[in-house]
Each structure stands twice: as C-alpha cells, then as structure tokens.
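Each chain is listed here by its residues.
There are 2 protein chains.
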Amino acid sequence: MASVTVYGPPLSTAVSRVLACLLEKDIQFQLVPVDMAKGQHKSPDFLKIQPFGQVPAFRDESTTLFESRAICRYICDQYADRGNQMLMGRKEGGLVERYWVEQWLEAESQSFNTPSSTLLLQLALAPRMGLKQDPALIEQSEGKLAKVLDVYEQRLGESRFLAGDEFTLADLSHLPNSHYLVNATDRGGLITSRENVGRWWEEISLRESWKKVVEMQQAKAPPS
Amino acid sequence: MASVTVYGPPLSTAVSRVLACLLEKDIQFQLVPVDMAKGQHKSPDFLKIQPFGQVPAFRDESTTLFESRAICRYICDQYADRGNQMLMGRKEGGLVERYWVEQWLEAESQSFNTPSSTLLLQLALAPRMGLKQDPALIEQSEGKLAKVLDVYEQRLGESRFLAGDEFTLADLSHLPNSHYLVNATDRGGLITSRENVGRWWEEISLRESWKKVVEMQQAKAPPS
Numbered sequence: 009m010a011s012v013t014v015y016g017p018p019l020s021t022a023v024s025r026v027l028a029c030l031l032e033k034d035i036q037f038q039l040v041p042v043d044m045a046k047g048q049h050k051s052p053d054f055l056k057i058q059p060f061g062q063v064p065a066f067r068d069e070s071t072t073l074f075e076s077r078a079i080c081r082y083i084c085d086q087y088a089d090r091g092n093q094m095l096m097g098r099k100e101g102g103l104v105e106r107y108w109v110e111q112w113l114e115a116e117s118q119s120f121n122t123p124s125s126t127l128l129l130q131l132a133l134a135p136r137m138g139l140k141q142d143p144a145l146i147e148q149s150e151g152k153l154a155k156v157l158d159v160y161e162q163r164l165g166e167s168r169f170l171a172g173d174e175f176t177l178a179d180l181s182h183l184p185n186s187h188y189l190v191n192a193t194d195r196g197g198l199i200t201s202r203e204n205v206g207r208w209w210e211e212i213s214l215r216e217s218w219k220k221v222v223e224m225q226q227a228k229a230p231p232s
Numbered sequence: 009m010a011s012v013t014v015y016g017p018p019l020s021t022a023v024s025r026v027l028a029c030l031l032e033k034d035i036q037f038q039l040v041p042v043d044m045a046k047g048q049h050k051s052p053d054f055l056k057i058q059p060f061g062q063v064p065a066f067r068d069e070s071t072t073l074f075e076s077r078a079i080c081r082y083i084c085d086q087y088a089d090r091g092n093q094m095l096m097g098r099k100e101g102g103l104v105e106r107y108w109v110e111q112w113l114e115a116e117s118q119s120f121n122t123p124s125s126t127l128l129l130q131l132a133l134a135p136r137m138g139l140k141q142d143p144a145l146i147e148q149s150e151g152k153l154a155k156v157l158d159v160y161e162q163r164l165g166e167s168r169f170l171a172g173d174e175f176t177l178a179d180l181s182h183l184p185n186s187h188y189l190v191n192a193t194d195r196g197g198l199i200t201s202r203e204n205v206g207r208w209w210e211e212i213s214l215r216e217s218w219k220k221v222v223e224m225q226q227a228k229a230p231p232s
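If you're matching them up, the sequences are chains A and B in order. Convert by adding 8 to the 1-based position in the first sequence; the result is the number in my numbering. Convert by adding 8 to the 1-based position in the second sequence; the result is the number in my numbering.
Just so you know, these hints were derived from the structure itself, not from any lab. There may be inaccurate statements among the hints.
[Stated by the list, open to error] With a straight-line cut-off of 27 Å between C-alpha atoms, the simulated DSSO-like cross-links for lysine-lysine are:
1. Lys-152/A - Lys-50/B
2. Lys-152/A - Lys-46/B
3. Lys-152/B - Lys-140/A
4. Lys-140/B - Lys-152/B
5. Lys-56/B - Lys-155/A
6. Lys-99/A - Lys-99/B
Predicted model, so just to flag it, every value in this text is computed and none were measured.
Using the sequences provided together with the hints, build the complete structure.
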C-alpha cells in the first residue's frame with residue numbers, strides 16, 4: 009500500500025500540481041476525495057491536517073503537510089532518487105541551479121498565479137455557478153498576465169524551459185492554471201499566440217505525467 | 009568587500025525580507041539603492057537581473073537571483089553554517105522540519121501576503137500618494153486577513169513559532185508587512201489584539217536583525 013496520500017479533488021489546480029509532481033517522481037499514492045460541495049474541507053478532521061480548510065492536504069507515513077508548492081518541494085527532496093531527478097535542477101548544477109528553479113517557481117507563485125487564477129474564476133467558473141462576471145477585473149487581470157507572459161516570452165527565447173534546459177518544478181507548477189486557461193476559456197491565446205511561450209506550453213502539456221492528471225480530471229468532471 | 013549585493017530600497021517590504029535574512033545569517037552585504045521614483049527598476053541594466061522590473065534583485069559573486077523568498081532560501085542553504093542555523097529548521101529535525109518551515113512560508117506567501125499588502129497599499133500608501141481609497145476592498149481584505157490570523161492564533165497556541173519552537177524563515181517572512189500594518193495603519197489590532205499572534209509578533213519584531221532593518225528604513229524614510 010502506498011505510504012503517500014493526497015486529499016482533495018483532482019479538478020483543483022493546487023491538487024493537480026501535487027499529482028503531476030508525484031507522477032513525475034514515479035511515486036505511488038492514494039487519492040482521497042474531499043467533497044467540497046458538502047463542506048468536507050471545513051470538517052474538524054480535515055482542519056486537523058489543513059487548518060485553512062483548503063485542498064490539497066498531504067500525508068506521507070506520519071508526516072502531514074499543506075500548501076501545494078511546499079508539498080512538491082518535499083516530494084522532490086524526500087524522493088530525490090526516484091523518477092525525474094531534475095525537478096529541482098540537475099544534481100551537477102548544485103545550489104545555483106536549484107535556486108534558478110526556486111526563482112521561477114516563485115515567479116509562478118507571485119506573478120503568474122493571481123492574474124491567471126482570477127481569469128479562471130471569472131471566465132470559467134463564474135458562468136457555471138451563475139455568478140456575475142466583473143469585466144473590469146477581467147481586463148485588469150488579462151493585462152497583468154500579458155505583462156508576465158512577455159517576460160516569459162523573452163526568457164523562453166533564451167532557454168528551453170524556465171529554469172534552464174531541463175523541465176523542472178518551475179514549469180510543472182504552471183500546468184494547472186495554463187491548462188484551464190487554454191482549454192476552458194477563450195483567452196488561451198495569451199499563452200498559445202506567443203511564439204516561445206506557445207512552444208514551451210506545447211512541450212510541457214504533452215508530458216506523460218500531465219496527460220495522466222488530465223485523465224484523472226476528466227474522469228471526475230461533471231457532465232457538461 | 010562583501011560578495012553579496014542587494015539592489016533596492018530598504019523601505020520595500022520584499023527588500024527588507026532579504027535584509028532581515030542576511031542579518032540573521034550574519035552575512036555582510038552591499039545595498040545598492042534603486043530609485044524607483046526615477047524608474048531605475050525599469051532600466052535595461054536592471055531588467056537584465058530582474059526581468060519583471062521589481063525589487064529586490066540580488067547578486068552573490070556571479071550568481072544573480074530575484075524573488076525575495078527564493079533569495080532567502082538561497083541565503084539559508086548557501087550559507088548553512090553561518091549565523092542563525094535554524095532558519096530552515098533545526099539540522100537534527102531533518103527534512104520534516106524543513107518542510108514545516110516551507111509550509112508556513114507558503115502560508116505567508118499564499119494567504120497572508122495578498123490581504124496584508126492590499127491593506128498597506130490602501131491604508132498607508134494611497135493617502136500619501138493622493139490616491140482614492142476603496143472601502144469595499146479594504147473591508148474584504150481585512151476579513152480575509154482576520155481569517156488567516158485566526159488560523160495563526162490557533163497554531164501559535166500550540167507552538168512558540170509558526171514552524172515549531174525555533175524562529176525560522178516562515179516567521180521572518182511575515183515581518184515586513186506586519187511591521188507596516190502595526191506601525192503605519194490603524195489596523196495593527198488585527199495582529200496585536202490576538203493573544204498568541206500578539207505575543208509572537210512582539211517576540212519576532214524585537215529580534216536584533218529586524219530592529220536593524222527598521223533603522224535602515226528610518227534612515228531612508230521621507231520626512232513625514
């Protein structure tokens with residue numbers, strides 16, 4: 009039996025980030041559904057392992073963790089010799105390469121995540137939930153995301169992936185939001201119309217790990 | 009001469025996070041001012057080391073990095089044997105303790121940072137810059153921050169610091185925004201009125217490293 013357990017629905021962007029990382033590292037895991045519509049993420053038992061009442065939560069033997077990017081870092085270090093061993097930079101690249109990964113992982117977390125998450129909420133989720141869209145917020149977020157992607161466009165003209173010549177956690181961490189932006193909104197062109205970003209997106213979205221996550225999402229998706 | 013250089017004004021919250029980390033680690037550094045009012049952070053030379061045109065940028069010998077939390081992680085690992093050696097968890101605590109630090113550092117980055125930064129912009133900066141405040145946004149951010157601090161209140165009832173019994177990078181990373189919230193707005197009570205959070209704030213804000221950062225900020229502050 010797998011010692012690793014992920015709690016949360018694969019449709020969640022943060023959950024799917026952790027799943028992609030586990031699949032890259034070739035680590036078996038158990039996925040425990042958390043029915044957010046029924047408020048299971050706010051239950052006392054769940055709050056013991058995720059006090060903010062968010063997904064995912066994560067367990068490895070007796071260690072529990074929350075926050076998807078912290079969980080991914082843990083997986084990479086705890087299982088350094090398993091599966092893809094480049095996710096935190098090549099071993100021979102030492103600390104410098106590790107911190108190039110950290111730098112672009114933080115760029116995702118600080119610069120890419122907020123405007124892309126806002127666009128997903130406004131363009132993909134709000135209509136399904138019968139909520140009113142905020143056109144000013146959509147325009148503002150699109151502008152912010154475009155500026156971030158302009159920096160990525162330049163960077164990805166210099167190197168194949170964000171942190172260098174290898175696919176790392178920095179690239180992986182962009183998959184969940186980018187996937188929905190391209191496949192569930194009409195603003196995918198923000199990514200696909202930029203030459204280098206589009207080339208990068210095509211490469212990272214075709215990784216076996218991510219294709220498997222998308223299959224898990226589709227198996228759980230509500231009928232459209 | 010110091011091999012480490014930080015580019016940016018100490019009044020910036022992200023710059024001051026890096027300065028506090030360097031002071032905890034007892035590492036000499038050179039601080040190079042970046043005059044943001046004159047747009048120096050958008051100059052071609054600066055964009056070479058910080059392509060988003062934000063502060064801080066960081067150099068150690070020939071390595072350059074951006075993103076304050078990535079820089080702090082680099083400092084802790086690159087100078088593991090210098091100064092405070094607990095910032096990423098006690099050595100004997102191994103990976104598990106390191107990832108408790110990561111987990112709460114991510115909580116700061118994902119949950120605490122946005123509502124506290126918004127409050128600082130709205131309550132402290134907007135009036136000075138003659139910008140109109142947004143009362144709905146202030147109320148929304150205050151509500152979000154209160155919920156985050158309720159989780160901290162419970163956590164800090166169980167342990168002296170966020171990640172355990174030692175002051176770590178997770179605590180340090182909260183200093184910049186908390187300092188301005190307490191000292192430059194009328195909403196400091198969000199922090200000081202909570203028993204455990206208030207006790208924690210008093211302890212972390214009195215660290216020699218942070219007092220030195222505040223001195224550096226006051227030396228650079230515009231006349232009030």
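Hints, one by one, checked against the model:
1. Lys-152/A - Lys-50/B: holds, 16 Å
2. Lys-152/A - Lys-46/B: holds, 22 Å
3. Lys-152/B - Lys-140/A: holds, 21 Å
4. Lys-140/B - Lys-152/B: holds, 21 Å
5. Lys-56/B - Lys-155/A: holds, 16 Å
6. Lys-99/A - Lys-99/B: holds, 21 Å
Checked against the numbered hints above, the structure violates none of them.
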